[in-house]
Amino acid sequence: MSRATSGVEALRVEDLRVYYPLRRTLEEVLRRQQRYLRAVDGVTLSIPEGATLALVGESGSGKTTVARAVVGLVKPTSGRILLWGRDVSSLRNRELREMRRAVQMVFQDPSVSLNPRMRVGDQVKYPLDVNGIGTPEERRAMALEALRTVGLTPPEEFYSRYPHQLSGGQRQRVAIARAIVLRPKLLIADEPISNIDVSARAQILELLRSLRERMGLSMLYITHDLSSAWAIADSVAVMYLGKLVEHGPVEEVFSDPRHPYTKALLQAVPSLDERKAGGEVVRLKGEIPDPLNMPSGCRLHPRCPFATERCRREEPPAVKVGENHWVYCHLFA
Amino acid sequence: MRLPRGFAEWGLAVGTALVALFVALALAGESLVGQLAVSNVVVVDGRVYEVPPLLPPGSRLTVGGRELVFIMGTDQLGRDVFARVVSGARFVLTVALLSTAISAALGTILGLLSGYVGGFLDRVLSLVMDSMYAFPGLILAIAIAALLGVGVLNISMAIAVVYIPSYYRMVRGVVLSLKSAPFVEAAVIAGASPWSIVTRHILPNVVPQIVSLLPVSFADAIITEAGLTFLGLGIEPPTPDWGFDLNKGRQFFLAGYWWIGVFPGLMIILSVLGFLLVGESLNELLNPRKVEA
Amino acid sequence: MSLLRVQDLWVRYRTRRGVVEALSGVSLSVEEGEVLGVVGESGSGKSTLGLAVIRLLPRSAEVRGSVLLNGKDLTSLPEEELRRIRGREVSMVFQDPYSSLNPVMRIGDHFVELMMEHGAAATREEALEAAGELLERLGVPRERLNDYPHQLSGGQRQRVAIGLALILKPRLVIADEITTALDALVERQIIDLVKEVKREYRTSMLFITHNMGLVAEVADRVAVLYAGKLAELGEVREVVSNPLHPYTEALLRSVPRIGGSRELRPIPGEPPDMRNPPPGCRFHPRCPLATERCRREEPPLVERGGRLVACHLRS
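Chains Y, G and V supply the protein sequences, listed in that same order.
Each residue of the first sequence is one higher than the last, beginning at 1 in the numbering used here.
Each residue of the second sequence is one higher than the last, beginning at 1 in the numbering used here.
Each residue of the third sequence is one higher than the last, beginning at 1 in the numbering used here.
Simulated from the structure, these hints should not be mistaken for laboratory data.
Since we're looking at a predicted model, the values are computed, not measured.
Do not rely on the hints blindly, as some may be mistaken.
If you only want the chain Y side, here are some residues facing chain G, beta carbon under 7 Å, derived [what the hints assert, rightly or not]: (1) L73; (2) L96; (3) R97; (4) M105; (5) F107; (6) V112; (7) S113; (8) L114; (9) N115; (10) R117; (11) P127; (12) V130; (13) N131.
From the three backbone atoms N, C-alpha and C, an ideal C-beta is built for every residue, glycine too.
Okay, chain Y solo, but in the shape it has when bound (with noise of 0.2 Å):
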């Protein structure tokens, strides 16, 4: 499902880094050493006009703390964040905020996400109100229209209810009318189904996906879930230890998948299928590492089946294994 793309790049990102200091110990005081936690460390990667990126990995891969650098949730360590060609970092106020209305945020759990004490008609236009956009009348008029949009009718019954009144998949639509309504053109869903229940899944997948139609949206989709991603994106970027592994259209990195981790996710699936005798199985060693204790060379090698010294040593490269297909892995180089 390549849609046709203008060229522009809605989002790029380059080289992000994102480190959060940690809290030092007495020696490390006396010693005037500063530890960092590398949540991201060094992720480039672009997502055209129109286009949905699925950026996937477990948790601990970086992937929140990507989506969050973009909206200027956090600030970034090293690294560019482009939005539509311009450098965010070099944005002053109102063209700052003028670009920041432009990317909105849809969180993962709408039960935190939508504020307690405020009837949910209130959250969807509250967007308008600190952006001073047109009358008090007009913008209860277009937040209606965005809870009608997202499937919430008849939106003046849904207007004046509280967050507590409604299910978690009604929540979610709000928290997705309040991120629409500003009409924005980069959307950022992070984890938007995993904390809703199975049967509302795939509605709110379905609603992203339909209003990424109609209001020409791009979108940066984070999930650990695989399927997800398969019935959201174009393409897809896999993370691990705040590094990317592997990206590429998203037929092609499921079909033929190429990095062991890549491998590894996509076979954990549980699957409604027989499995199908024969073909690679690929199983990581243990868990994820303790992140402030990361691996030397490719962070993957202390679980990899295929490592070898090489792994050990030099983080790899990126290597191009297909059109728009990379993978960060030795055993290409």
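Assemble the complex: chain Y is given as a structure, and chains G and V must be docked to it using the hints.
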């Protein structure tokens, strides 16, 4: 109307009744009992009579053809204990109300600032508040009351200072946890100003917690007020006041004139009990432990 | 005779906002050595079912019907006898291993306490020896017995919780969403472990989950619950490849399959408010095939080719 069920509902019913009674006394008590609270002089048909001191409870006195009943007796100056007890509600409740309002307002504002702005301001405020919190409350109040002198506002300020840290600490804690709540982050992404975030997102979520603290700290303020006036601080005789009368009564207690002190003391206990019952049971009714379905 | 036989089980909760009927007459059985998957969304009653079997429901719950384990009715057993049975004959693993492990107790002490209380070990050393052996078979190094729960990774904690559920060799283990809180690769490891346990120990299991794919991998038969009632029950392979109930079909279709169609086919509507479930078939407001009859009459559970299904279209 159905009967209350369980501790919380009974507590609320009894507490509300007590609170209502004391509020009514504070509002109307003085006009009900008239001059007898502050003077032992009764004027009937233009003639002046003096009420004898230390009459036991239930005494009757006929003056100028009118019968007066002193159900709680009279004190060492011949004033009606019942009248003093009834009109004493006004001073203590006014002080408790004022001091609770002042401490809640200041504590909340400081807590919001400290929690939301953070940094150096937070460190300094926390240090000051923690030292105040660690300091024995009554002693702090005594010091300030002695400094400020008599008067409703002064004694209220003295008590308020003691309770500011309770509000400050609670509000600061809530703000700190709300600051990173996704709904606040969503507001940040929407472009909201700090003022808008604090007033529309943080404050409305702090208010219920403040409200749950109010009755308890109101009861606390009553006790502290009684403690101060017991020591003769902040009040000018002959203003009727329970704490003050309790102390006076204490001097006569062993001589057998128990009623002078016991009735004001009882009022202190009942009023504190009333507010505590309301506070506790409201807390239980409004924040029930969740039952998993 | 079935190992576990749940007969006409009803569970009601009294809440502040009204009476919630979590289970409305569910009957099912688990055979010796069998894994029965229980699938449903939240509010389907699947977790209530697990808790009702091991009798851990809150006091506010009203229970009717019977739960026969080896012919003994657990619903009427005195508390004391129940304590002996819990752990020994039936045990449970929860979604969050953090909450089932005591944070101030070493892993080894969890095993020691459990085993000594049930007389499964005479001494501390004996208990630790047995625990170490079991943990190693479950993929946790023996040295972990000396650690506290927070020193373990999420996957290891869940393995320990499984170990605690298995150490007394119960005939039935209730597993309630045991992989939901875990990351994808760890989830895979736990699934593989459950399959291995099933093969090696031949423990019967009530495997509760919202994930049909998971059930397809580990269960022999599956019970699909909707709004407190059994919608369909049968062999997993058959149910997955040829669902008889529209809800089962919709549930299967709503999850995108990697490599399959990229169309999304969500189940329309919202799950019912269980204080006030819909009349007739409880699925009818969301069912594309619903008729007038579905709105009025409750469909009976009937047998169709070795499977049980509650749908008017099939009767």
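Cross-check of the supplied hints:
{"no.": "1", "hint": "L73", "result": "holds (6 Å)"}
{"no.": "2", "hint": "L96", "result": "violated (10 Å)"}
{"no.": "3", "hint": "R97", "result": "holds (6 Å)"}
{"no.": "4", "hint": "M105", "result": "holds (5 Å)"}
{"no.": "5", "hint": "F107", "result": "holds (4 Å)"}
{"no.": "6", "hint": "V112", "result": "holds (5 Å)"}
{"no.": "7", "hint": "S113", "result": "holds (4 Å)"}
{"no.": "8", "hint": "L114", "result": "holds (6 Å)"}
{"no.": "9", "hint": "N115", "result": "holds (5 Å)"}
{"no.": "10", "hint": "R117", "result": "holds (4 Å)"}
{"no.": "11", "hint": "P127", "result": "holds (4 Å)"}
{"no.": "12", "hint": "V130", "result": "holds (4 Å)"}
{"no.": "13", "hint": "N131", "result": "holds (5 Å)"}
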